[in-house]
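Required output: the full structure, derived from the provided sequences and hints.
Protein chains: 2
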Amino acid sequence: MSTENLDARIAELGQAARAAGRVIAASSAAARNQVMRTTANLIRERVDTIVEANSEDVEAVKEHRNDAFIDRLALDESRLEALAVELEHIAELPDLLGRTSDMRDQPNGLKIGRMRVPIGVIGMIYEARPGVTAEAGGLCVKSGNAVILRGGSESYRSNQALAECLQEGLRRASLPSEGVQLLPTTDRAAIDALLKMDEWVDLIIPRGGTELIKRVHDQTHIPILKHLHGVCHVYIDDAADRDQAIRIAVNAKTQRYGVCNAMETLLVAESRAEELLPVLGDAYVEHGVEIRGCPRTCKLLEKAVPAAEDDWSEEYLSPILSVRVVAGLDDAMDHIAKYGSHHTDAIVTTDEERAKRFMREVDSSSVMVNASTRFADGFEYGLGAEIGISTDKLHARGPVGLEGLTSQKFVVYGDGQIRV
Amino acid sequence: MSTENLDARIAELGQAARAAGRVIAASSAAARNQVMRTTANLIRERVDTIVEANSEDVEAVKEHRNDAFIDRLALDESRLEALAVELEHIAELPDLLGRTSDMRDQPNGLKIGRMRVPIGVIGMIYEARPGVTAEAGGLCVKSGNAVILRGGSESYRSNQALAECLQEGLRRASLPSEGVQLLPTTDRAAIDALLKMDEWVDLIIPRGGTELIKRVHDQTHIPILKHLHGVCHVYIDDAADRDQAIRIAVNAKTQRYGVCNAMETLLVAESRAEELLPVLGDAYVEHGVEIRGCPRTCKLLEKAVPAAEDDWSEEYLSPILSVRVVAGLDDAMDHIAKYGSHHTDAIVTTDEERAKRFMREVDSSSVMVNASTRFADGFEYGLGAEIGISTDKLHARGPVGLEGLTSQKFVVYGDGQIRV
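Protein chains in written order, with my numbering: chain W, 1 to 420; chain G, 1 to 420.
Calculated from the structure, these hints are not laboratory results. A few of these clues could be false.
Same chains, same names: a pair is fine if it fits in one copy or spans any two.
Cross-link-like lysine to any residue pairs, in silico, SDA-like; alpha carbons within 25 Å at most [said to hold, decoys possible]:
#: 1; residue 1: K196; residue 2: E211
#: 2; residue 1: K214; residue 2: R65
#: 3; residue 1: K299; residue 2: M103
#: 4; residue 1: K356; residue 2: G258
#: 5; residue 1: K299; residue 2: E4
#: 6; residue 1: K214; residue 2: D105
#: 7; residue 1: K196; residue 2: L212
#: 8; residue 1: K62; residue 2: E168
#: 9; residue 1: K111; residue 2: A8
#: 10; residue 1: K356; residue 2: P94
No experiment lies behind these values; they were computed from the predicted model shown.
Now the structure itself:
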């Protein structure tokens, strides 16, 4: 397709999404929940077709992709069943649309408050895992939005098979199937066209590696909700409980490595370094974690190698940990402000005043006291679902669930008031 | 200054703002309120200096600017006193920082909730009226942010004199004066440099004409909170109370013309057109309002001229009104969806079901039933202050007060929980 034709085609998609979004926004919770349940059943009914489409996707790339990639791409009956259950779970979540809050009576008799409403049309750009098609599509529709999906080109057939289930789910609930649309080509130019559609798209959610996120950020003037990266810290304070400190510092690093909420840098108050670092060092070595330390850490831990300046801002996503001995709370917070990524940071302390300062002053989407950074997650937070984690500072910070897919408008109820 | 030198200079400003923002974010409400009160007193003490700086600004442009422009630019003792009072008023507003909400206990013993925090560094770009320097600067500091201000080049000396009061106010409260900075040159390239500072600026708020807003939008990848334009509607429903309909339709148009929340298009249900349009037409003619109508309106109103297609999306900001007869509620909502600007729209009706549909389905930052659109305003809404009105759909919609200058992060309180 020529760029011009492509732009026109994507604009048609956007316009159709806008129109569908209006209908979905006005629809009842019952209708939207019916979409979730019908789609779940369609995924079950069509399991063979979806697995077949997925096999073609896998077949096409298996020569030049590694096992981890193929594993993320592959769908089988049990993964599809899990997706169906997830959609049924989304149906059970409370509906937020139309809820009013902050209602107050003004002296002139006006009642003024806020009402929760959908955002409108959401553009979702994601990589490999095709399950996102059903999850993100479901969350967008449940929250009253229309969505335009652009999954990884390697999973195009799988995404299409799953999107068709959602589209049929919409139709059977008498809602417009254009509420969920896939970009019609895996051509990268289609993403460029989507990112230019200020008029039809209200929010772009990119989900994937740092390179994808940066590319989207640099190419669009549409608001985006992005998760850049997670350089998470645990700070062991002078007043830390010894057992909690060890438990949390080990768990935050070793429970899983390739996740954004894993600790990448451990900060230890100098008054506790001699006592705690050797114990922690042994635990990390046992887990096969490489330690890159500041000079004082290296003095205390034979196995540590010296950290380079770049280490402090590195998201390892692997069994590597940078460790720094700091003077105390202020030093730790300065370090986090300088090198952190505003994702998730934790303090271990029994001192209430210092905990309070850390919670208030550390500018991250999640701040924790005496808990593992690994808890930064929509399900752990009780949001019921998660479309992503935002490291941005506006609209929604941290794990984003249904609420983050909505906004609030002002509502004013009068009986003929005019301004004088 | 060369572009390179300018970029480096603006980056220095940004870095200083970031550092100052951290200190202000952590400061007590008492300290931030002290800044407001001290600044108010400094404005009073320095009234002669400020008026003198302002006279130079006025002198420099009075040859080639009209009276309305000069009036917006000019400062005198009474306008400065009003600014001082406004800052004292901001000091009285409740502090939002550190407030937690939605706290809940998870089964694993974690307490999880949200805490209200500043956004960080705000870039404010505005035109003519120099009072904005003190108002916006005050609101940003009160809400814990640092701000970089770029006012109209015609008011540079006035802005500088007012910013110096805020900076001295910060110093006297032992807070860094870099919390409020002005771009150091009126060179447009300085705006370009500011708009590129993703690393140091978290939010851009442009305030001014459509051209300025569009330019900012097209040039930056930093999130922006913008007020584009207000094409506001009043829809008189079949079930409208006659007196309310007339009162509101006249007030929304004629109470003030050059404001964004004035009605620009009146929609009338066909069942009421014959009864109401002649009365309304007389009232508008009496106020000197020109009517541009649909064919049916023109049939009912001799004085109406035919509206062109462009009229329906025009923000007149003057005594011109477009009028359309519609079939009913759905037709009215379709018109608003097609031509409106998501600012403020009102329905006049006594029918609860139709009111409910209008409130829910019309996708504007403010929706009203039986009230004049002119009420869409931070002060009328009881926000206590207003830094602008947002026609965007994320973060904050409608009038933006202190809350819109803050965000929420997740806070997690544990006693040693780890993820298993």
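Which of the listed hints are broken here? As far as the earlier hints go, 3, 4, 5, 6, 8, 9 are violated by this structure, in ascending order.
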